[in-house]
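2 protein chains.
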Amino acid sequence: MALPGCHGPGQAAPVTTLPLSPTDRSTVHRGARRARTDRADLYAVLDAGLIGHLGMTLDAGPLVIPTGYGRDGETLYLHGSSGAASLRAAAAGTPVCFTVTQVDGIVYSRSAFHHSMNYRCAVVQGMARPVTDPDDRWHGLGVLTEHLAPGSWTATRQPDRRELAATAVLALDLAEASVKIRTGPPGEDERDLAPGAPPVWAGVLPLTTAWGTPEPCPLLAVGVAVPDRITRR
Amino acid sequence: MALPGCHGPGQAAPVTTLPLSPTDRSTVHRGARRARTDRADLYAVLDAGLIGHLGMTLDAGPLVIPTGYGRDGETLYLHGSSGAASLRAAAAGTPVCFTVTQVDGIVYSRSAFHHSMNYRCAVVQGMARPVTDPDDRWHGLGVLTEHLAPGSWTATRQPDRRELAATAVLALDLAEASVKIRTGPPGEDERDLAPGAPPVWAGVLPLTTAWGTPEPCPLLAVGVAVPDRITRR
Numbered sequence: 005m006a007l008p009g010c011h012g013p014g015q016a017a018p019v020t021t022l023p024l025s026p027t028d029r030s031t032v033h034r035g036a037r038r039a040r041t042d043r044a045d046l047y048a049v050l051d052a053g054l055i056g057h058l059g060m061t062l063d064a065g066p067l068v069i070p071t072g073y074g075r076d077g078e079t080l081y082l083h084g085s086s087g088a089a090s091l092r093a094a095a096a097g098t099p100v101c102f103t104v105t106q107v108d109g110i111v112y113s114r115s116a117f118h119h120s121m122n123y124r125c126a127v128v129q130g131m132a133r134p135v136t137d138p139d140d141r142w143h144g145l146g147v148l149t150e151h152l153a154p155g156s157w158t159a160t161r162q163p164d165r166r167e168l169a170a171t172a173v174l175a176l177d178l179a180e181a182s183v184k185i186r187t188g189p190p191g192e193d194e195r196d197l198a199p200g201a202p203p204v205w206a207g208v209l210p211l212t213t214a215w216g217t218p219e220p221c222p223l224l225a226v227g228v229a230v231p232d233r234i235t236r237r
Numbered sequence: 005m006a007l008p009g010c011h012g013p014g015q016a017a018p019v020t021t022l023p024l025s026p027t028d029r030s031t032v033h034r035g036a037r038r039a040r041t042d043r044a045d046l047y048a049v050l051d052a053g054l055i056g057h058l059g060m061t062l063d064a065g066p067l068v069i070p071t072g073y074g075r076d077g078e079t080l081y082l083h084g085s086s087g088a089a090s091l092r093a094a095a096a097g098t099p100v101c102f103t104v105t106q107v108d109g110i111v112y113s114r115s116a117f118h119h120s121m122n123y124r125c126a127v128v129q130g131m132a133r134p135v136t137d138p139d140d141r142w143h144g145l146g147v148l149t150e151h152l153a154p155g156s157w158t159a160t161r162q163p164d165r166r167e168l169a170a171t172a173v174l175a176l177d178l179a180e181a182s183v184k185i186r187t188g189p190p191g192e193d194e195r196d197l198a199p200g201a202p203p204v205w206a207g208v209l210p211l212t213t214a215w216g217t218p219e220p221c222p223l224l225a226v227g228v229a230v231p232d233r234i235t236r237r
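Residue numbers (the numbering used here), protein chains in the order written: chain A, 5 to 237; chain B, 5 to 237.
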């Protein structure tokens, strides 16, 4: 990862039968002490995120776009307008990289160099495939909708044929993936901790996300209350 | 963008002399009603973000990594370990795409299809160049540090020669960039608003980020207070 360099405490995790990072390109070379090897960490990072960044190589060069997603087991579903060039390219079998990152805090160090961030990041590489089977598409759209807005798939009008045709659904296997997580206080140079070093504050400023107060649609009929699926979020 | 499709209210913005999206690849084709044309919007999105996602094409395929950055005028500075393959490739003149996205809320619609997100997204494309001049590198590192942790560049120990050598600093011009912003309530199909349609709640659930309580480094000397540069953040 290219987040600013700093030393995080290592954290051992049990290795399951299906390892992360099975290939050279999915093996963490820089900052390997932050790499995780448990697929549970991959699932946790993906399930906690809201959007990811989908990268691919088009004729005009690399393109990175924010993209909604949803996970079902070892499959990541992505979707977007069936007319978008990026989605068309991905659906035609372009190799892609899909990255989900949460920033958890700013790491303040006694030196500029050791400033860093606490974060969780999952990188998935592979070939996205178009989901064309009607039942699979329906399932994928349900997974995508539930990731974005839990409970909405069954509580709102489901897609009709025209809406289905306007939506490209892609699937990406989680076979090739890596996870990096940084937690904890700054790593420091010995000299910055030595007696007589300037008394500079160091530590972590946590960054959290929170849901605000629901803002009803101006066209909402009188008396339609905010449903549980939103208030309990 | 591949965020889920929905209709956002357009918002006019004055066009400055240096337009956004000057090339075909940086012109927003899908969801053009959400495209902005004012460079002030580009600056605002970049200045509000904390990390971006840097995409490039390596031999093994596309790679997208979270990356710290800082902006000075029309220049975006990126940095990372000078040993990272991705940074080395970018420094050697690989075309890159750098994307910064903020999610501002979940848009709940009366239909699954019109669920969406409110977001601000800047996409910058171009050739990253290594910053090698010592004064320029120093300046770039100051910009990067101040973006991550305002006030830290002068309040903490600045880099020595070894630390400078370990850090790759790249510059990316903001010449080719596009901005998309979605705000406001869901766009709906007429049928879902018609009399007799099911009374489904619709609106926006805002998503906000907030700083938590600073967590001091366990090695912090007694009596070192949290500085203003952090408490006023």
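Treat each hint with caution, since some may be false.
Unchecked claim - Now the in silico label distances, taken between C-beta atoms and shown as ranges:
1) B:Asp-177 x A:Arg-165: 44 to 50 Å
2) A:Gly-200 x B:Pro-154: 25 to 31 Å
3) A:Arg-166 x B:Ser-86: 39 to 45 Å
What the hints assert, rightly or not - Selected chain A positions facing chain B (Cβ under 7 Å, derived; list incomplete):
4) Ala-44
5) Tyr-47
6) Pro-66
7) Thr-103
8) Val-107
9) Phe-117
10) Ala-175
11) Leu-178
12) Ile-185
13) Gly-188
14) Pro-190
15) Ala-214
In case anyone wonders, no lab produced these hints; they're calculated from the structure.
From a predicted model like this one, the values you see are computed outputs, not experimental measurements.
The beta carbon of each residue, even a glycine, is placed where N, CA and C say it ideally should be.
Verification of the supplied hints:
In this structure, Asp-177 (chain B) and Arg-165 (chain A) meet the distance hint of 44 to 50 Å, their C-beta atoms being roughly 46 Å apart. At roughly 27 Å, the beta carbons of Gly-200 (chain A) and Pro-154 (chain B) sit within the given window of 25 to 31 Å. For Arg-166 (chain A) and Ser-86 (chain B), the hinted distance range of 39 to 45 Å is not satisfied, since their beta carbons lie about 52 Å from each other. Nearest Cβ of chain B to the Cβ of Ala-44 (chain A): about 21 Å, over the 7 Å cut. The hint is violated.
Hint on Tyr-47 (chain A) is violated. Least Cβ distance to chain B is approximately 19 Å, over the 7 Å limit. A hinted interface residue such as Pro-66 (chain A) counts as satisfied when its beta carbon comes closer than 7 Å to some beta carbon of chain B; here the least separation is about 4 Å, so the hint holds. At its closest, the beta carbon of Thr-103 (chain A) sits 4 Å from a beta carbon of chain B; the interface hint therefore holds under the 7 Å criterion. Hint status for Val-107 (chain A) relative to chain B: holds, with the closest Cβ pair at about 6 Å, below 7 Å.
Proximity of Phe-117 (chain A) to chain B holds as hinted, the smallest CB-CB distance being about 4 Å (cut-off 7 Å). The restraint placing Ala-175 (chain A) at the interface with chain B is violated, with a minimum CB-CB distance near 14 Å, outside the 7 Å limit. For Leu-178 (chain A), the interface hint is violated, the least distance from its beta-carbon to any beta-carbon of chain B being 16 Å, above 7 Å. Checking Ile-185 (chain A) against chain B: minimum C-beta separation of about 12 Å lies over 7 Å; hint violated.
The interface hint given for Gly-188 (chain A) is violated, since its Cβ lies 9 Å from the closest Cβ of chain B, which is over the 7 Å cut-off. Evaluation of the Pro-190 (chain A) hint against chain B yields a held restraint, the C-beta minimum of about 6 Å falling below 7 Å. Contact between Ala-214 (chain A) and chain B, as hinted, is supported at the beta carbon level, the nearest pair being about 6 Å apart and thus within 7 Å.
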